[in-house]
Amino acid sequence: MDKILDTNDDLIIAGRSFTSRLLIGTGKYNSFKETRSVIDESQSKIVTVAIRRVNLGQTPDEPSLLEFLPADEFTYLPNTAGCYSSTEAIRTLRLARELLDGHNLVKLEVLGDPETLYPNVVETINAAKILIKDGFDVMVYTSDDPIIAKQLEDIGCCAIMPLASLIGSGMGILNPWNLEIIIDKANVPVIVDAGVGTASDATIAMELGCDGVLMNTAIALADNPILMASAMRKAVESGREAFLAGRMDKKLYSASPSSPIKGLIK
Amino acid sequence: MKVHINGSIKEFKAKKIKPEELIIQLNLKGKRFAIERNGEIISKNSFDEIYINDGDKIEIIGAVGGG
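Chain order of the listed sequences is A and B.
The first sequence lines up with residues 3 to 268 when you count with the numbering used here.
The second sequence lines up with residues 11 to 77 when you count with the numbering used here.
Isolated chain B (complex conformation):
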């Protein structure tokens, strides 16, 4: 499946993937971030409960320096 992540297309062998697994694959485990799927925030409580599917648009954000 193909998923849009932060504006780039990423391919996965699996047909669907849990946010928890996605975070591990992206080396973000243990980091502070928030995730949106198709414009809806995925709360941390549901990382292991829902699936990201083919064609989903994912945004993963963090805090950076700014004024």
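Pulled out of the complex, with its shape left as it was, chain A reads as follows:
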């Protein structure tokens, strides 16, 4: 069998091909320069951006996020963070498409509660239906409910993005069993989005068979974000390789030492 490094293992989403399985959020950084350094270190190719009112008091030469992340180097993933209804989410993504000259790959998230930031799956499904009909390729943030995940796929979402735990919590993967069911049933990429706190969380997600991991806070709020970006890149690659390699079975004990039993010095 070929080594994985010698074979093409790109992440394919809606017919687009990406060399990295780590997707990065661009929020909570101190500067655009820091954002760029982190993304360079992570080697991510997909970066999420939020859509907000422009600052009307700005000076003409004020830099913008998109100038630091040129479209010829990265695929933007405009999100609907902060939207609590399908109406708001659809409006936001139509504006994003206009802003980004027709770019139609988006991250849909409709939240249900400002404290927990738990997704409202009913509003999410409603929005997804309309957006897909309107020509969007929808990567969808959702709960780790396998039935909802399947419904979102059936509607036509191009990637299912269940939470590992709540947004910004850093609690890691709280229900690996549900994620396994979602992965087992899905025919589109499954990308863990939200809740990753440290490198091992990302590795576990990939070992479970996730196609990618999307994170923001775990890197942005690390004491050293650039070092954490490096750790996350390795964690995602490592977990992916372990998944593809196929892990050994777990046993309580094996009575099978790694060194030969024969030829012991007596």
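Hints in this document: simulated from the structure, not taken from any laboratory.
Given the structure is predicted, the values throughout are model-derived calculations rather than measurements.
Yeah, the Cβ is synthetic: ideal placement off N, Cα and C, and Gly gets one too.
Check the hints yourself; a few may be wrong.
If you anchor each label on the Cβ, the simulated ranges turn out as follows [what the hints assert, rightly or not]:
1. B:GLY17 <-> A:LEU176: 34 to 42 Å
2. B:LYS28 <-> A:GLU243: 53 to 61 Å
3. A:LYS187 <-> B:LYS28: 35 to 43 Å
4. B:GLY17 <-> A:GLY137: 24 to 32 Å
5. B:GLY49 <-> A:GLY137: 15 to 23 Å
6. A:GLU243 <-> B:ILE19: 33 to 41 Å
7. A:GLY158 <-> B:GLY49: 20 to 28 Å
8. A:GLU182 <-> B:MET11: 58 to 66 Å
9. B:GLU50 <-> A:LEU58: 15 to 23 Å
10. B:GLY40 <-> A:THR200: 36 to 44 Å
11. B:ASP66 <-> A:THR200: 44 to 52 Å
Derived BS3-like pairs: lysine-lysine, alpha-carbon spacing no greater than 25 Å straight-line [as the list claims (entries may be wrong)]:
12. A:LYS47 <-> B:LYS41
13. A:LYS35 <-> B:LYS41
14. B:LYS67 <-> B:LYS20
Given chain A's structure and the hints, the job is docking chain B onto it.
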């Protein structure tokens, strides 16, 4: 005329103004943004064709950092 722009009221001497002119006045020329007038997106192709009128609600959005 008075126009609501991103939640604030702005006054203009003119009775109507093209989006193209508004963008120049707001120092946004050359920037990446999208505009909505009363809930409808104004496509970039029509910046010089339509007018913003008294009482219109304008939203001008861009991309910022987010997860």
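Quick rundown of the hints versus the structure:
At about 38 Å, the CB distance of GLY17 of chain B to LEU176 of chain A agrees with the hint of 34 to 42 Å. The supplied range of 53 to 61 Å is met by LYS28 of chain B and GLU243 of chain A, whose beta-carbon atoms lie about 56 Å from each other. Taking the beta carbon of each, LYS187 of chain A and LYS28 of chain B are about 52 Å apart, not inside 35 to 43 Å as hinted. In this structure the hint that GLY17 of chain B and GLY137 of chain A lie 24 to 32 Å apart at CB holds, the actual value being about 30 Å.
Between GLY49 of chain B and GLY137 of chain A the C-beta distance comes to about 20 Å, which sits within the given range of 15 to 23 Å. A C-beta distance of roughly 58 Å is found between GLU243 of chain A and ILE19 of chain B, which places it outside the suggested range of 33 to 41 Å. A hinted range of 20 to 28 Å for the beta carbons of GLY158 of chain A and GLY49 of chain B is consistent with their spacing of about 26 Å. Judged by the Cβ atoms, the range 58 to 66 Å given for GLU182 of chain A and MET11 of chain B holds: they are separated by roughly 60 Å.
At about 20 Å, the beta-carbon gap between GLU50 of chain B and LEU58 of chain A stays in the expected band of 15 to 23 Å. The supplied range of 36 to 44 Å is met by GLY40 of chain B and THR200 of chain A, whose beta-carbon atoms lie about 41 Å from each other. For the hinted restraint 44 to 52 Å between ASP66 of chain B and THR200 of chain A, the CB-CB distance of approximately 49 Å keeps it satisfied. Restraint check for LYS47 of chain A and LYS41 of chain B: the C-alpha separation of about 23 Å stays at or below 25 Å, so the hint holds.
Of the pairs offered as hints, the one joining LYS35 of chain A and LYS41 of chain B holds, with about 19 Å between alpha carbons and a cut-off of 25 Å not exceeded. For the hint pairing LYS67 of chain B with LYS20 of chain B, the CA-to-CA distance comes to about 11 Å; that is within 25 Å, so the pair holds.
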